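So the chains spell out like this:
Protein chains: 4
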Amino acid sequence: MTTLRVAMIGYGFMGAAHSQGWRVAPRFFDLPATPEMALLVGRNGGSVASAAAKWGWSETSSDWREVLDRDDIDVVDIVTPGDSHAEIAIAALAAGKHVLCEKPLANTVEEAEAMAAAAAEAAARGVYAMVGFTYRRVPAVALAREIVTSGGIGDIRQVRAEYLQDWLVDEKAPLAWRLQKEHAGSGALGDIGAHAIDLSQFITGQRLVDVAGTIETVVKERPLLESGSGLSGTAGVGVGTVTVDDLALFTGRFDGGALGSYVASRMSTGRKNALRIEVSGSNGAIAFDLEDMNALHVYDGAAPAGRQGFTKILVTEPEHPYVGAWWPAGHMLGYEHGFSHQAKDFVEAIAAGVQPEPSFADGLHVQRVLGAVERSSEERGAWTNVG
Amino acid sequence: MTTLRVAMIGYGFMGAAHSQGWRVAPRFFDLPATPEMALLVGRNGGSVASAAAKWGWSETSSDWREVLDRDDIDVVDIVTPGDSHAEIAIAALAAGKHVLCEKPLANTVEEAEAMAAAAAEAAARGVYAMVGFTYRRVPAVALAREIVTSGGIGDIRQVRAEYLQDWLVDEKAPLAWRLQKEHAGSGALGDIGAHAIDLSQFITGQRLVDVAGTIETVVKERPLLESGSGLSGTAGVGVGTVTVDDLALFTGRFDGGALGSYVASRMSTGRKNALRIEVSGSNGAIAFDLEDMNALHVYDGAAPAGRQGFTKILVTEPEHPYVGAWWPAGHMLGYEHGFSHQAKDFVEAIAAGVQPEPSFADGLHVQRVLGAVERSSEERGAWTNVG
Amino acid sequence: MTTLRVAMIGYGFMGAAHSQGWRVAPRFFDLPATPEMALLVGRNGGSVASAAAKWGWSETSSDWREVLDRDDIDVVDIVTPGDSHAEIAIAALAAGKHVLCEKPLANTVEEAEAMAAAAAEAAARGVYAMVGFTYRRVPAVALAREIVTSGGIGDIRQVRAEYLQDWLVDEKAPLAWRLQKEHAGSGALGDIGAHAIDLSQFITGQRLVDVAGTIETVVKERPLLESGSGLSGTAGVGVGTVTVDDLALFTGRFDGGALGSYVASRMSTGRKNALRIEVSGSNGAIAFDLEDMNALHVYDGAAPAGRQGFTKILVTEPEHPYVGAWWPAGHMLGYEHGFSHQAKDFVEAIAAGVQPEPSFADGLHVQRVLGAVERSSEERGAWTNVG
Amino acid sequence: MTTLRVAMIGYGFMGAAHSQGWRVAPRFFDLPATPEMALLVGRNGGSVASAAAKWGWSETSSDWREVLDRDDIDVVDIVTPGDSHAEIAIAALAAGKHVLCEKPLANTVEEAEAMAAAAAEAAARGVYAMVGFTYRRVPAVALAREIVTSGGIGDIRQVRAEYLQDWLVDEKAPLAWRLQKEHAGSGALGDIGAHAIDLSQFITGQRLVDVAGTIETVVKERPLLESGSGLSGTAGVGVGTVTVDDLALFTGRFDGGALGSYVASRMSTGRKNALRIEVSGSNGAIAFDLEDMNALHVYDGAAPAGRQGFTKILVTEPEHPYVGAWWPAGHMLGYEHGFSHQAKDFVEAIAAGVQPEPSFADGLHVQRVLGAVERSSEERGAWTNVG
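Residue numbers (UniProt numbering), protein chains in the order written: chain P, 1 to 387; chain U, 1 to 387; chain F, 1 to 387; chain D, 1 to 387.
Worth flagging that the hints you see were computed from the coordinates, not collected in a lab. Treat each hint with caution, since some may be false.
Pairs count within a copy or across copies, as identical chains cannot be separated in the list.
What the hints assert, rightly or not - List time: in silico EDC-like cross-link candidates among lysine to aspartate or glutamate, alpha-carbon distance up to 16 Å:
#1 Lys181 x Glu221
#2 Lys54 x Asp30
#3 Lys172 x Asp155
#4 Lys220 x Glu357
Only a predicted model underlies this, so the values are computations on that prediction, with no experimental measurement involved.
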């Protein structure tokens, strides 16, 4: 196998990011197979053709089911809104296609369960599924995991994780599909809180078992878009009801015993993309902020008294995860590099015949955490088992 | 009235801070009355004498009740552990002494209620009581309040507040009085969480009405001290049970409607004294960190698109609260300046015959919030009315 | 014209960066012509073939002169060491090829003068040349120029610029070609100091007219490489003399009157790629650091007293230069994006038949500044005219 | 000896700072002798009386010569403008008084030489003189010196030091005494550049032997004050010529061989009090900024590859210089604490009969460096021996 022919379903902002990942990864990493941008699928023929031309996909289709029957497609990459993930992924796996699916895995726990079951069954046949929590592939995050899971900060005592944005602070921001429960499934909780949850579990190597929290829609009505899709549409007439949360506050208990506090907010004025995590251990700590994504702050509790402090490691050295393939030391990577790293890791796992991570089971677990937060919120914020 | 003769009860670390406040305030501020460091009271005669000599108190006593009958004492300043606050404060107020009492106001809501009632009764007689949330008097905090309560960030949408320390990360840190419920009343929640609560209410001008949270003792057993007092005592034989929390996570609802998230932790490895607060509004935000206490970060949502960002204001200009009395622009203030500002504000209110702030009623409200968090924690973290 | 067929001469680290620029630019920007990665040229056939395959160049050649006669090559992109820039660029321009040449323009002022003359002559024929100071295309830098040249900080009073690295701190770092005067022409001064000079002139819109400075080789002997090329070669036997500087300190006078101070160092332990510039004006200031390249700090002297401070603008909004083509607000760009921006700007200028910037004349001016610093250093650091 | 009776000559802003030092030091440090604020001297009787009352000096005088004959004065503390330092200090030392003199030591090298000679002669009699470079006593600076002079960063390779302020950016800032050469001797160079020089020598343990630089008066005319003294006077009629520099850029060579670059500016818009120093060594680095004065950034070149970075040490732990006497870990110190530390160090040296540091000889050396920078500036910026 020297080529992996990819069909991508969907072509929003995530489609651009995934395209860049497939395009660039083989130019910097020595991959066991070369991804080929074979087919781009979307309902609106004209838009798809234009996206395919711009991003470099060889062919287009307006029906995702077409990929199921095509022997020349090896991988289905799903970047549609969450409500279609389950149907597409399950069918693709059944058709023997490897699947990369954007997060969150699905809009409901039930869908996610069906997807994880399908993925487990497919894996037994050597067909693999992965969910796209790309922030795991930021070098500073991968380094944080290396340090924490190898015992570098001792026993985990406390986690603080938050994902802060502000694009809904403006009351005139329109009622886009991401603000409608039937399309997006969830709001700040599912879209960005999911990243905070995944990162906290990835870095600690532990899972959340119980949660307690509150979700809220701070701005409850917003102007309607003329067309139903897209964040950038022209504002239409009248207002509609926002049916997803824009602020989620919750606490979680890890299976190792530690407590974590979480904030997912689109009401954090001035914070553009602040996915932050700090893990405090019995002998050290790590801290990360996506708005300063090339740095990891590490506190070494074993340093001599009077010399302790957070060390700001610029994670741009050849020794660091993923970094050696790119530029000389000290040169910054950006947002999209995670998608190249994701493509690389996915291709390597497929080529090696091993399960890529995070698996659909991992994605399902995040979905269960999200569901438990929602149930807790409905039950006056009381502690709720993730299940 | 040109002199206010002060008796201070207690002489721990807080005694040093209050002494510095009384000593220094009149050297920089033009006060309507000069505080006189008249009497230092503590049970251990030798230690008190030594503290009085070092800090500059004229006289000492081993019995706080002595102050009640002395006409030459105008102010009673209480810096003892919380379990004695109520008794001393109520008696002093009854005896016609103005009272400054360290926070938290008391160890229980009941005590705090009695104190607030006594203060209200005394105020009617022109005798005033104040509780010592000195961080209100950090210039950057006072500036934050000015900006927020004057509408500078619009409607308040979200609050994040945390007080992070790490001095209990070490499992060998001994079982000092602050870790014993009978003396300290509460742990991280009451000692440092109280500051986060007060600051969030002070800056927003709003009060918490409901809370939901969890408190926890991460390290449950610690070495016994040979003597029962002081954090720095020699570790003794055996271990004892820690009876207060060292980690508290909670959520609150303000009377204006906004949600706030709170962390109070002594398990935040590497964080020494990180009292942080961020208030997000419909048109801006402010952010503060006590570890960088001379700075306030302000986000102006009305700035032109493309020019927005957090402005780091060095709060060391003559225009800033309290600052003009000190040094030229750009010269840093430190922790203890809050105690001079507290002394100044207290003396000015007493001289003017007006209620100094924060009042015992304010302190009682914080106590009620603390109590509600504890009740919520006992009730699976569910939302609980502050009462 | 819908395609611009590019031949790139050279294939070191800069070759990877330029390749990424040509590859990615048309995927995100709507270009008037599409660059085609037609031909990669390098002396070592095997290495070139391997680089071409990895980076996606269609053909290879071992002789750069081949491009001169090929009608199917529109652009010559020069990424070789500085000693070959003049010969290749002049020949390519004479052959009617547009030229993009890496900085510094040449190893000597004489060569640079010849190149600038050739470029001026070619421009009259509609054939254009540009020199690759890509840091101009970091969005935060481009925003800084917008602000400063539009009067946003008033009259320019003072400039501080420094480019700090540390890869020569280690005395065992080998004697690579960049440390040999015959190949590299200059050391820290010419390689990274040139960037600081260009950025200071670009942002201020002014030119340096006099300089005074000192260049130094702190570590004077280094281990020989077995092979003469490349930074990453195996250390050979014996040591050789470093013939270029590793530390340059100089002062410059701008034509507008302001003074600037410059540091270019490969001895700044712990600084990996810290290209920093601060421009102080009569009514504001801007500050930038390449190690935090998505941020620009702007001080607005017209803000009300007590509200002034440096505003940290995250230059990741659609309003910012270049940014709208990439990701949603708040998503970070990295080092290599500058090369896409360079490709875009170059293609647009060529398509429009206008001179792309920075021109060879700009590159020559930087070269003259570098030469004047060297002369000053030889004359006891005295002020020297740039000429 | 249990008391040191101090007479302070002068009562401007520095007088307030010194007063605070004398007042507070004995309250926190166990001193071998207690400083007594005995006599405040100033020409304007009313102002002196008012300052003495506010700051707590027992007596006042309008003639500094009075102190020479008074047996009850042990220490003369000089905080007048630089043009009177020599006369007072030399007379006081001759009269057997220990002397603490504000920096810069004098307005000319000649005066400073006479003072150093007088101090050397007095020291032989057990009478000591010290110059007030208080920033040496910022704990983070003292820690930096400990680390650097004990070899913690290896051989010193490069120094960058700058002192940036902006209070002269405003062209309407009046022509105060600090801007008149006959009173102030020097401008940014002598007033704040002197601090940068002293700090760089203190931290490295080395001395500057050659310098090359340029000094400049950016704003050459300013409004006249009605009265000639003080920065805060009412602006008068007309303008006058600024006779001192407001911007100084220079380079220095240390006796250990390393180069240092220096900036002293009052034109650095937005920088309020940014005294910054970074020392780069063969095996590490330290960095400090007075605007974040409780932190020291340390880079440990011996840390494992991939784990290196600048560690931000909060210099607020009991292990750190001076800190243990103040507050619990994590509590910030401010500007004025340096004056308490200075008082402590001075009193301890006097009590022990040893030379306090920095000596007048140290102050003279700084003066010689300043003089050499001025000579270099007059000689086209060429390298000039400090002498």
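query = Taking each numbered hint in turn, which are not upheld by the structure, reported in ascending numerical order?
reply = When the structure is compared with the hints, only number 4 turns out to be violated.
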